[in-house]
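From first to last, the protein sequence lines stand for chains A and B. Numbers in our numbering are just positions in the first sequence, counted from 1, shifted up by 301. Numbers in our numbering are just positions in the second sequence, counted from 1, shifted up by 301.
No lab work stands behind these hints: they were computed from the structure. Be a bit skeptical, because a hint or two may be false.
Copies of the same chain are indistinguishable here, so a pair counts whether it falls within one copy or spans any two.
As a list, the in silico DSS-like pairs of lysine-lysine whose alpha-carbon atoms are at most 27 angstroms apart [what the hints assert, rightly or not]:
#1 K372 <-> K479
#2 K616 <-> K455
#3 K616 <-> K466
There are 2 protein chains.
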Amino acid sequence: MSKGPVVIEVTRGPVVESRHEGAAAIVKADGTVVDSWGDIDTRILPRSANKPIQAMAFVESGAVEKFGLGKEHIALSCASHNGEQRHVETVRAWLKKANLSEADLECGTHPPRLQASIEALVRENAAPTAAFNNCSGKHSGFLSTAVAYGEPTKGYIKYDHPVQKRLRDVMSDLSGEKADDYAYGTDGCGIPTLATPLKSLARAMASMADPSRLSNRHAEAAVRIRDAMNAEPFMVAGSGRFCTRINEALPGVAQVKTGAEGVFCGMLPGLGLGVAIKMWDGAGRAAEIAMATLLGHLGVLSAAQKEELLHPPVKNVVGLLVGEMRPAKSWLG
Amino acid sequence: MSKGPVVIEVTRGPVVESRHEGAAAIVKADGTVVDSWGDIDTRILPRSANKPIQAMAFVESGAVEKFGLGKEHIALSCASHNGEQRHVETVRAWLKKANLSEADLECGTHPPRLQASIEALVRENAAPTAAFNNCSGKHSGFLSTAVAYGEPTKGYIKYDHPVQKRLRDVMSDLSGEKADDYAYGTDGCGIPTLATPLKSLARAMASMADPSRLSNRHAEAAVRIRDAMNAEPFMVAGSGRFCTRINEALPGVAQVKTGAEGVFCGMLPGLGLGVAIKMWDGAGRAAEIAMATLLGHLGVLSAAQKEELLHPPVKNVVGLLVGEMRPAKSWLG
Chain A
302 MSKGPVVIEV
312 TRGPVVESRH
322 EGAAAIVKAD
332 GTVVDSWGDI
342 DTRILPRSAN
352 KPIQAMAFVE
362 SGAVEKFGLG
372 KEHIALSCAS
382 HNGEQRHVET
392 VRAWLKKANL
402 SEADLECGTH
412 PPRLQASIEA
422 LVRENAAPTA
432 AFNNCSGKHS
442 GFLSTAVAYG
452 EPTKGYIKYD
462 HPVQKRLRDV
472 MSDLSGEKAD
482 DYAYGTDGCG
492 IPTLATPLKS
502 LARAMASMAD
512 PSRLSNRHAE
522 AAVRIRDAMN
532 AEPFMVAGSG
542 RFCTRINEAL
552 PGVAQVKTGA
562 EGVFCGMLPG
572 LGLGVAIKMW
582 DGAGRAAEIA
592 MATLLGHLGV
602 LSAAQKEELL
612 HPPVKNVVGL
622 LVGEMRPAKS
632 WLG
Chain B
302 MSKGPVVIEV
312 TRGPVVESRH
322 EGAAAIVKAD
332 GTVVDSWGDI
342 DTRILPRSAN
352 KPIQAMAFVE
362 SGAVEKFGLG
372 KEHIALSCAS
382 HNGEQRHVET
392 VRAWLKKANL
402 SEADLECGTH
412 PPRLQASIEA
422 LVRENAAPTA
432 AFNNCSGKHS
442 GFLSTAVAYG
452 EPTKGYIKYD
462 HPVQKRLRDV
472 MSDLSGEKAD
482 DYAYGTDGCG
492 IPTLATPLKS
502 LARAMASMAD
512 PSRLSNRHAE
522 AAVRIRDAMN
532 AEPFMVAGSG
542 RFCTRINEAL
552 PGVAQVKTGA
562 EGVFCGMLPG
572 LGLGVAIKMW
582 DGAGRAAEIA
592 MATLLGHLGV
602 LSAAQKEELL
612 HPPVKNVVGL
622 LVGEMRPAKS
632 WLG
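Just chain A, same shape as in the assembly:
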């Protein structure tokens, strides 16, 4: 039974200044919806929140062994990273191991996320390259997979390339639906992003959290990916980021991944649950609080973590506390 929507409030002084609405589903691997808020049948674009699912095909390809890669690379293949030095250098070294270079990346280039990284580039009189793209780890995974299977790497971002087809096959296996039937848009990094019912996305995450119904091949990959996200949380995002903090703080308990336009996914292996959130307005600030709220609701956060993550302060330019963000009382506040 779906209840009222996810609601996150942003206050300033005595006023609720802004308000975000969304939907969330908590689902078991067999597709049972354990709890939900808002319309979870609507098709959403998972964007980067399904990178752990997309990493399955990479891990299953044998590329990790073939190219002598480790947990840091698996974590990077699930990442929307900050483009910090360690992210960029790890991607560059990885591509070299697969006899590839940044020129093979088809994700394009954007400036790194952190002010300090931007300033460092200017000081070096350097421009960002494709390795700085927050998706460069995922794309290195795609490229490595194609090389491992002896496929042409060029055009690996296109819908009909075997790399993308495998992602749909994995998604079908994990969600119990036919991902080939999904409509799709083009993601920021150029790959197809499939219009997926929110509850099916949650079910796919549940299948990774509890892979008992999956093939051995899928199950083994899911466990390795979860393990890598906890073991190398910096690689999943970077300094100060929500995904990094959660994956670091809850080893073995939770693995979470953000996506653009207010999407968030999570796995809870101990509970055998998958979580998927979409804020309808695309607000990442609200999706983070919604994820923290659900983790608290499911009992995996300490009181201190709940206080810190569910009620982040709103500060003004001089650092004065002027408000907070919070789950609304009408939801789980």
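Following the hints, complete the assembly by docking chain B onto the known chain A.
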């Protein structure tokens, strides 16, 4: 009669990926609501969208004449500027004319908005100062006003300082309400931001668009402010910004001003109307399209301007067109 809400959609491929809701009021100076969508009685925080109203007290103080200032300074007093070179240098020279310095600004410091400005600072090995704050023009107006009246400048951001009290008096005169009764939060730059019914904010803008019911003193200031916003559109925002483009393109016809958290205000002197918009989720991208849609609806945009402003493209990292933003069909799309 209020109709359904303002709705702005963000598409990606065949999918409406995100959706923003809000309210908008089009009001006459006598308080008549000409048209509205969503709940316009709700109190919202105007943030920077009411800077043209706040500039009234500055213009009326005689500070412009006393310190040999011009239209560029009046425009800056209404600005949320980019912190580009001309903005910063004009603020610094202005403060000097009033025998003040950046140390008197109580707005705090944040990095400038444009990547190029950030990079220029790094190259000069310089840090941003208070003049780079997007509100530094407004604050220079506040300081100049205090000096013109012989008041202490220290603490000019506080609720009980005469500078802030005058802002409430102006707001009361323009809106026909008692702004002293409003609750308030603290704005990004430290001043009180008053919890104002959306329709009252629109009425205050209408009073500036059609100042025939105001005192001569208020009426003259309103005309000068409108004129300055059109004459110096760069000073109101900066390179590439929506406010600058509209105020430049529609001299004498429209003056618009954005505010944080999805607020937008506008004056339409030819029509004698004021406009106020609040997107409930705080999304600036949606507030811009809502303002463009209302300007088109009111007949002040050309067909080419409507095409450009109502349907901005969504591009991915490599510059591919992957979607658009637009007013929903359920609203004015």
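Going through the hints against the structure:
Taking the shortest Cα distances, K372 and K479 never come within 27 angstroms of each other, neither inside one copy (30 angstroms) nor across copies (63 angstroms). Taking the shortest alpha-carbon separations for K616 and K455, only the inter-copy value of 22 angstroms comes in at or below 27 angstroms, while the best intra-copy value is 46 angstroms. In the homo-oligomer, the alpha carbons of K616 and K466 lie at most 27 angstroms apart only across protomers (24 angstroms), although the nearest pairing inside one protomer, at 45 angstroms, exceeds that limit.
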